[in-house]
Amino acid sequence: MVQDLLSAQGLRMDGRRHNELRQIQCKLGVLESELFTHKNRCDGSAYMLHGNTKVIASISGPKHPSKSSGKKDESFIFNVRVKFATFSKNGERQKVLKNSKKLGEIEINLKNIFKSVILVEKYEKSQLDLNIEVLQHDGGSEICTIVNTATLALIDAGICMKEYVCACTASLTNDGLALLDVSHLEEICGGPTLTIAALPRIGDHEQSVAFIELSQKFYLKDLNKIFDCCQLGCEKIRTILDEAIRGNAYEHVNSDLTSN
Amino acid sequence: MLKMEADKEILNLKPITAEMNILSRSDGSVIITQGDSSCIVNVNGPTEVVSMANMDMNKAYMEVSYRPRCGIPGVNERYKEKIIKNICETVILTALYPKSQINIQIQEMDDGSGIFACVINACNVALLNSGIEMRSTMAAVHCVLDDKDNLIIDPIDYSDDTPTFSRIQKAVRNSKYKADFTFVFESLKESVISVNTNGNFTIHQYNNAQKLCKEASKKIFEFYCDLARKYANVI
Amino acid sequence: MKDPILSNNERAFVEKAIAEKLRIDKRGLNEFRNLAIFYGKNYGSVIASLGETKVFASVSCEVSTPKTTRPNEGTIFINVEMGSQQNEPCIVVTRILERTIRESNCIDLESLCIVAEEKVWNLRVDISILNNEGNVIDCACIAAVSALAHFRRPDCTASGDGEFTIHKSAEKDLIPIVLHHYPICVNYALFEGKTPIADPTILEERVTNASLILAVNAYKELCSIHLTGVSLTSPYLIQKCSDMAAERAKHIVEYIKDALEQDRIDRENGQAKGFSQSIKLTNIPSNFTDTQEIDQVMDTENDGSGELEEVMADESFEKIDSDTVASTWTKEESDESSDSDVQVIEESPKKKGIINVMEIVDTSSDDEEKETIVLN
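These protein sequences, in sequence, are chains F, W and Z.
In terms of UniProt numbering, the first sequence is residues 1 to 260.
In terms of UniProt numbering, the second sequence is residues 1 to 235.
In terms of UniProt numbering, the third sequence is residues 1 to 376.
It is worth saying that the hints were derived from the structure and are not from the lab.
Check each hint, because a few of them may be wrong.
Stated by the list, open to error - List time: in silico DSBU-like cross-link candidates among lysine-lysine, alpha-carbon distance up to 30 Å:
id: 1; chain 1: F; residue 1: K162; chain 2: Z; residue 2: K21
id: 2; chain 1: Z; residue 1: K67; chain 2: Z; residue 2: K119
id: 3; chain 1: F; residue 1: K102; chain 2: Z; residue 2: K119
Start from the sequences, fold in the hints, and give me the full structure.
Below, the structure written as structure tokens:
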């Protein structure tokens, strides 16, 4: 590790405390949705700004499976497409990643995460497309913002899910203190990064985890600490998502009332 | 010049070892080591034709894929695939499997001298193992012409100076030899079904090499018989 | 090859068995299949087998220019080939291995630098999945790590002003890659998100579709975690699995080191056999019975061809005069009309667990014939 991630005052490089999230702003229904015409438009969408990462997610479906899509034996077809905008990284123009392994991995992971959360049995013989556009991204842990945005979009589209899926990252300082929500700068400075996508609570159950990813090594005994930190982050993100969704719902109801 | 009959020494082949049925997922598989070369071949078929464009109403479609020890397959590998495909189409009774496909996958493991001959022999054993019907068996023999114009059957090269480099930097032929030959014979009439040569040589040398290799190929056919019979005994 | 359809009955059976803590291949829930590692004649080629799953890995290197962001570090590239299988599992395996091997900094990349900002060594690991009987990731990881540990690269000397020479193996000994630690992937299939099964077979993998992969080294450091598939897991489980994985990793690292040491001794004595030694030993399970016994069994079965002797897997070669062998063949060929000459039809069904090995050695003027048959 090149540099210590936490200053003597207990502040991080961007001035946050160890258990503080980056700024999150989100909005539902950012893209025009036409519920009745179904003309190639999306059925639900969401936008999220998380630190320096900006993501738009859109859902189209559930609909009749198109002929070309996927395997025939799968009763529920869930397609995920992730795109990084050419201008997405630090202002540099870069080649659009297409069919790269990293992109492929994100798509596979998203597919698996949401298949375990969506009530699949309700959507038999139908297709759901999730399109993700990363407008700006800040380091490697973009999957976490993508998951959160996709959750919002799915809710906006009215897809039945067991719970919100919230994803969060955490890291560890040299002194063994867990840091919540790692920024790009902190990530490249070394230190392990744990990403989890979790369902904060389902009924009486404890939190359950749909996805875990960890890079770089650390001692096994620290796992608990960093894991708890991540879970805490997920809880926090859930409240933010919940607020946004409820806010959006009120807005809709109010606008409907006034128009009538 | 060479004295084929008198000098038995010259007919020495490198020790061959083989084990069949090493891969549970394939219809026929074999690992063969031949001196410093070794490879794994697995045969699957006859199966459905994957792409309709390859569908042949009269005979089976052969697909060969050759994976080098390291690096991505390039032109060299394509070339070998093509040759192996041609040879296999000669020996397999493809007409018995219309509208179907036979896949041969080759993984090179130790690319010593005569790896190509080793691969062809392995293909033959794997095909035997898979139960695909064949017109005859085939045996490949590698032979080189050194700078003193001596023919050497199946030489062992330990003098490879760059064992670790990727393919790009690897020479096709060992520069200390003038030429190398790989002859493939079939068992029925002991006729040549494929020749692959490199470097320069006279027609006389070529004829000698062929005679020599033909003689040596008998040992390989013997090996096949031995292998097949032992295998049958175990069953 | 396409996978056959998994029937509902099969699925239900496996699930029910697991719920009763039973597995189809009689293993315990935390029991692994037998591991074997074989090194080839070339440095850096390895076959690893875990039960029937077999993976071939080979390492190669070449000189190239470094990345601008890391001017004094070599690079490592991992490529996984899965044969004709679809793309998705291939990507997953590649990424997990990249995370495990590259991102855990187990290789000292700085030692691969020749001239900073100009020339570095690029390593390439080619992994080829030969046979997939489940738990490819464990096997691929073991193969990759042991191939890297086995690999030797040519030595290099840089002479100040950007000039450098690569020494051939005859001039200077090849040197190994510096590995700080050996990260080992341990794969647990998760049934109903709560029952972890060590080293799943392909059937178990297809039934559950969810797995937890932990990469741990011998020092109990976690190098990567990956939870894949459609699953919901409790965090408690991960802790439990990671402890078990650490134990497993320790054993495997020891095994790899032993195998490396054995190979080194063989090479020093000039007896490196390459993959031909794997031919005798693959598939030998832990309950491998004495070869002598097997030999006798074989003898009784082999009444028809008494001329050829069965020889042990030991070094005892049975020498047969070349003439005798030849005569043997002619005799037999006349007996058996269905020999290779006319049409070769292999009617015999494949019987697993039987290995038939034979070897013709004719390095000297008289033929040596050797054969080993192993039943398991």
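Here is what the structure says about each hint:
1. About 29 Å separates the Cα atoms of F:K162 and Z:K21, which keeps this hinted pair within 30 Å; it holds.
2. A C-alpha spacing of about 10 Å is found between Z:K67 and Z:K119, which places the hinted pair at or below 30 Å, so the restraint holds.
3. Of the pairs offered as hints, the one joining F:K102 and Z:K119 holds, with about 27 Å between alpha carbons and a cut-off of 30 Å not exceeded.
When held up to the earlier numbered hints, the structure conflicts with none and fits them all.
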